[in-house]
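Heads up: the protein sequence lines correspond to chains A and B, in order. First residue of the first sequence? That's 1 in this note's numbering, and the numbers climb one at a time after it. First residue of the second sequence? That's 1 in this note's numbering, and the numbers climb one at a time after it.
These aren't lab readings, by the way, just hints derived from the structure by calculation. Model, not experiment: these values are computed from the prediction. Incorrect hints may appear among the rest.
[To be verified] A short, non-exhaustive set of chain A residues, derived as facing chain B with CB atoms under 7 angstroms: (1) T314; (2) T365; (3) L367; (4) Y416.
[Stated by the list, open to error] Here are the computed distance ranges between Cβ atoms for each label pair: (5) A/Q13 x B/K61: 46 to 56 angstroms; (6) B/A319 x A/A56: 49 to 59 angstroms; (7) A/G105 x B/D91: 20 to 30 angstroms; (8) B/A319 x A/D91: 40 to 50 angstroms; (9) B/A179 x A/T277: 35 to 45 angstroms; (10) A/E288 x B/D97: 39 to 49 angstroms; (11) B/A344 x A/G422: 24 to 34 angstroms.
[Said to hold, decoys possible] Taking lysine to any residue pairs in the SDA-like style, the calculated list, with each CA pair at most 25 angstroms apart, reads: (12) A/K216 x B/Q398; (13) B/K216 x A/V224; (14) B/K216 x B/R12; (15) B/K415 x A/P98; (16) B/K415 x A/L367.
Glycine is no exception: its CB is placed at the ideal position from the N, C-alpha and C atoms.
There are 2 protein chains.
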Amino acid sequence: MSASETPDTPVRQAARRARTAAADLAPAPRTTRDAALLAIAEALTARADEIVAANAGDVAKARAAGTAESVVDRLTLTPERVAAIASDVRDVIALPDPVGEVQRGSTLPNGLELRQVRVPLGVVGIIYEARPNVTVDAAALCLKSGNAVLLRGSSSAHASNTALVAVLRDAVVKAGLPADVVQLVPGESRESVTELMRARGLVDVLIPRGGASLIKTVVEQSTVPVIETGTGNCHVYVDERADIDTALAILVNSKAQRPSVCNAAETVLVHAGIADTFLPRALEALAEAGVTVHGDSAWQTVAGTSGRTVLPATDEDWASEYLSYDIAAAVVPSLDAAVEHIRAWSSGHTEAIITADAAAARRFTALVDSAAVMVNASTRFTDGAQFGFGAEIGISTQKLHARGPMGLPELTSTKYVVTGDGHIRE
Amino acid sequence: MSASETPDTPVRQAARRARTAAADLAPAPRTTRDAALLAIAEALTARADEIVAANAGDVAKARAAGTAESVVDRLTLTPERVAAIASDVRDVIALPDPVGEVQRGSTLPNGLELRQVRVPLGVVGIIYEARPNVTVDAAALCLKSGNAVLLRGSSSAHASNTALVAVLRDAVVKAGLPADVVQLVPGESRESVTELMRARGLVDVLIPRGGASLIKTVVEQSTVPVIETGTGNCHVYVDERADIDTALAILVNSKAQRPSVCNAAETVLVHAGIADTFLPRALEALAEAGVTVHGDSAWQTVAGTSGRTVLPATDEDWASEYLSYDIAAAVVPSLDAAVEHIRAWSSGHTEAIITADAAAARRFTALVDSAAVMVNASTRFTDGAQFGFGAEIGISTQKLHARGPMGLPELTSTKYVVTGDGHIRE
Numbered sequence: 001m002s003a004s005e006t007p008d009t010p011v012r013q014a015a016r017r018a019r020t021a022a023a024d025l026a027p028a029p030r031t032t033r034d035a036a037l038l039a040i041a042e043a044l045t046a047r048a049d050e051i052v053a054a055n056a057g058d059v060a061k062a063r064a065a066g067t068a069e070s071v072v073d074r075l076t077l078t079p080e081r082v083a084a085i086a087s088d089v090r091d092v093i094a095l096p097d098p099v100g101e102v103q104r105g106s107t108l109p110n111g112l113e114l115r116q117v118r119v120p121l122g123v124v125g126i127i128y129e130a131r132p133n134v135t136v137d138a139a140a141l142c143l144k145s146g147n148a149v150l151l152r153g154s155s156s157a158h159a160s161n162t163a164l165v166a167v168l169r170d171a172v173v174k175a176g177l178p179a180d181v182v183q184l185v186p187g188e189s190r191e192s193v194t195e196l197m198r199a200r201g202l203v204d205v206l207i208p209r210g211g212a213s214l215i216k217t218v219v220e221q222s223t224v225p226v227i228e229t230g231t232g233n234c235h236v237y238v239d240e241r242a243d244i245d246t247a248l249a250i251l252v253n254s255k256a257q258r259p260s261v262c263n264a265a266e267t268v269l270v271h272a273g274i275a276d277t278f279l280p281r282a283l284e285a286l287a288e289a290g291v292t293v294h295g296d297s298a299w300q301t302v303a304g305t306s307g308r309t310v311l312p313a314t315d316e317d318w319a320s321e322y323l324s325y326d327i328a329a330a331v332v333p334s335l336d337a338a339v340e341h342i343r344a345w346s347s348g349h350t351e352a353i354i355t356a357d358a359a360a361a362r363r364f365t366a367l368v369d370s371a372a373v374m375v376n377a378s379t380r381f382t383d384g385a386q387f388g389f390g391a392e393i394g395i396s397t398q399k400l401h402a403r404g405p406m407g408l409p410e411l412t413s414t415k416y417v418v419t420g421d422g423h424i425r426e
Numbered sequence: 001m002s003a004s005e006t007p008d009t010p011v012r013q014a015a016r017r018a019r020t021a022a023a024d025l026a027p028a029p030r031t032t033r034d035a036a037l038l039a040i041a042e043a044l045t046a047r048a049d050e051i052v053a054a055n056a057g058d059v060a061k062a063r064a065a066g067t068a069e070s071v072v073d074r075l076t077l078t079p080e081r082v083a084a085i086a087s088d089v090r091d092v093i094a095l096p097d098p099v100g101e102v103q104r105g106s107t108l109p110n111g112l113e114l115r116q117v118r119v120p121l122g123v124v125g126i127i128y129e130a131r132p133n134v135t136v137d138a139a140a141l142c143l144k145s146g147n148a149v150l151l152r153g154s155s156s157a158h159a160s161n162t163a164l165v166a167v168l169r170d171a172v173v174k175a176g177l178p179a180d181v182v183q184l185v186p187g188e189s190r191e192s193v194t195e196l197m198r199a200r201g202l203v204d205v206l207i208p209r210g211g212a213s214l215i216k217t218v219v220e221q222s223t224v225p226v227i228e229t230g231t232g233n234c235h236v237y238v239d240e241r242a243d244i245d246t247a248l249a250i251l252v253n254s255k256a257q258r259p260s261v262c263n264a265a266e267t268v269l270v271h272a273g274i275a276d277t278f279l280p281r282a283l284e285a286l287a288e289a290g291v292t293v294h295g296d297s298a299w300q301t302v303a304g305t306s307g308r309t310v311l312p313a314t315d316e317d318w319a320s321e322y323l324s325y326d327i328a329a330a331v332v333p334s335l336d337a338a339v340e341h342i343r344a345w346s347s348g349h350t351e352a353i354i355t356a357d358a359a360a361a362r363r364f365t366a367l368v369d370s371a372a373v374m375v376n377a378s379t380r381f382t383d384g385a386q387f388g389f390g391a392e393i394g395i396s397t398q399k400l401h402a403r404g405p406m407g408l409p410e411l412t413s414t415k416y417v418v419t420g421d422g423h424i425r426e
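Just chain A, same shape as in the assembly:
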């Protein structure tokens, strides 16, 4: 067994405790898991002062270190925010239970009864940045789906996460579950992340939530299976037969409604046949929304004649996930050329076509290979809550296991239960 050859460390010990706890949690019925979630919601409210006090330490340190105010804001917990987190946990209780759902079943010709049943994954590791709400959110979704969770947040939120996890652990014990179904990964060093990524056989899946560089590191170094999430270089393609007003509204909404998130658009591609009409109006609408355009020569020419500024786009722009009020922009000779551009540069998150032409919509949705393809709708709709999943652990941009917004079913595996009465193979 290769696991026993690896030197034991606090991280591996924690993973082993999670594994044992997961075995107890997996067969626990919904009532037990929901009771644990209710205990968590109640404890968060009851112990909000303690949590906010611990958080104040993290916030003071972050400010002293000159951290950007937007990051400090995400880090900050107030009594109101803790109450909102507790309310989110109550919402998770109400969601349908994925565990035990029969995916398919049949009686085989020899009389064997076959059932494929959803089961928890086991131990889920989450690596994330300085957002303490993720600590509770991820733990709640893992508990609901019967998984033990190993949480590895940012060291800048360590005091907050320690306080939150103490509350969570006390609450699950009250509901009769082992405390180790929820654990913070011990240690604040980089090595503890590396050990978590190497704990194959102890941890069933790692979900990195955060920036592109974090995700790239985990994907490249982890021997534990990874679900890649959240990198979104999303495209809006305005077809030759787009309604101009619809296209403008969707473009501006996709780009500027909330530029810092993964489902915001980063590139607009416009069919040459509509460029003369569309580009001047798009430049005006984007300027009004405060968006800087990085355009190809066609966009630059139109900008010149209409007195607007367009920065010249390079390959770096086509590849960029700006997450800011910037957009790359090109004119393409055809729908197929738009698809080619998307194939070359997209991260496979979300692409939208704006068109009144049914054949164009059909061709675009068939040829574009991304987690979500929008027809006459904003890229901003790729989201677990918007899709009606009630919860979201992340948005997968990979093709294995889960693709697109991941809800509770995506936190499960399956097993086959086969029942006979003495069946043997001839």
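Given chain A, work out where chain B should sit, using these hints.
Below, chain B without anything else, positioned relative to chain A:
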């Protein structure tokens, strides 16, 4: 783009050609894919002589190298075997098309229409051993599910695989598809396998088919997502309330019907309450089937009093996937102790319980976390054909994406298609 920083090699070039071909293949309707499969079946029959001649070279080399006769047998192609392979391709044509199947769909409160649709994975890499039939079988399943395939067989079957892939490529072109939907990975060196494992972004999934050491290497070194297949340390647990004759029949069938395959049993666990009756009869039945028992002290004691030989079992035996006429054997004090043993040593493939007790069956299936759990049936039933899937690309022993026998749906991903009429987020 990290891909462009990696030095270009023949393997990466092949993967890039596969990627381009996959984009053409993905939107091809079933009729085109089925026509390609029919052309393959016909070409295999028409060009059987050419294939058998190339294979004869591999076989001669293997014999000269002193290869075991069982391995030479698996390597060998005859006109009859080629005809059987062609017939298997015809069977794949008849299977339901997984591509385009709508997995779920709804109309969201805002009127957006959401559909989750099955799509091909893209480029599938298969790494396998000296069985030329896998070349055709894997290519046929990938084509049927709309995927381009990169085949990396054993160098000892290189001439056979080269001949087979030439036939396959000619056939798919005849059906109007690009030849590069089927490719042999260039090069026979270990480095070419390493390059394949590092072609993240070009190859969507790697499926290693073969021995435990091959699979371990791929799992540890690949940055391309891997589906682990086929390691089977399977257990038969004989409960206190088992019918003795049923238990004997299932035990012997699980172990000895075909010991060389992954769903054969490798360990038998017997409840202490039935050991006095069961062990002497089990020793007799296993001896008759030619099986060597590696037992704990209880089995050794019974062997002593009944004049049979039982080798002492060590931790190595509990961990072993013998794939031979050997079995590890222990007596356990309870069902829960059997579950503990399985949790400690199983590879998570298949475990069986033999019992007349409904509560014991229910507890065992709830607590055992393996791809398949059998109740009163042989472990040998964990198999795509037996499960009625009509085809099998392997048996997954991991929890992500696919678990247990993998048929055509497991060779697909999904995408969300979302249709509106100008929807934007407020």
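Comparing the hints with the structure gives:
no.: 1; hint: T314; in the structure: violated, 13 angstroms
no.: 2; hint: T365; in the structure: holds, 5 angstroms
no.: 3; hint: L367; in the structure: holds, 6 angstroms
no.: 4; hint: Y416; in the structure: holds, 4 angstroms
no.: 5; hint: A/Q13 x B/K61: 46 to 56 angstroms; in the structure: holds, 51 angstroms
no.: 6; hint: B/A319 x A/A56: 49 to 59 angstroms; in the structure: holds, 51 angstroms
no.: 7; hint: A/G105 x B/D91: 20 to 30 angstroms; in the structure: holds, 24 angstroms
no.: 8; hint: B/A319 x A/D91: 40 to 50 angstroms; in the structure: holds, 45 angstroms
no.: 9; hint: B/A179 x A/T277: 35 to 45 angstroms; in the structure: holds, 43 angstroms
no.: 10; hint: A/E288 x B/D97: 39 to 49 angstroms; in the structure: holds, 48 angstroms
no.: 11; hint: B/A344 x A/G422: 24 to 34 angstroms; in the structure: holds, 28 angstroms
no.: 12; hint: A/K216 x B/Q398; in the structure: holds, 22 angstroms
no.: 13; hint: B/K216 x A/V224; in the structure: holds, 12 angstroms
no.: 14; hint: B/K216 x B/R12; in the structure: holds, 23 angstroms
no.: 15; hint: B/K415 x A/P98; in the structure: holds, 21 angstroms
no.: 16; hint: B/K415 x A/L367; in the structure: holds, 11 angstroms
This entry does not satisfy hint 1, going by the numbered hints stated previously; all others are met.
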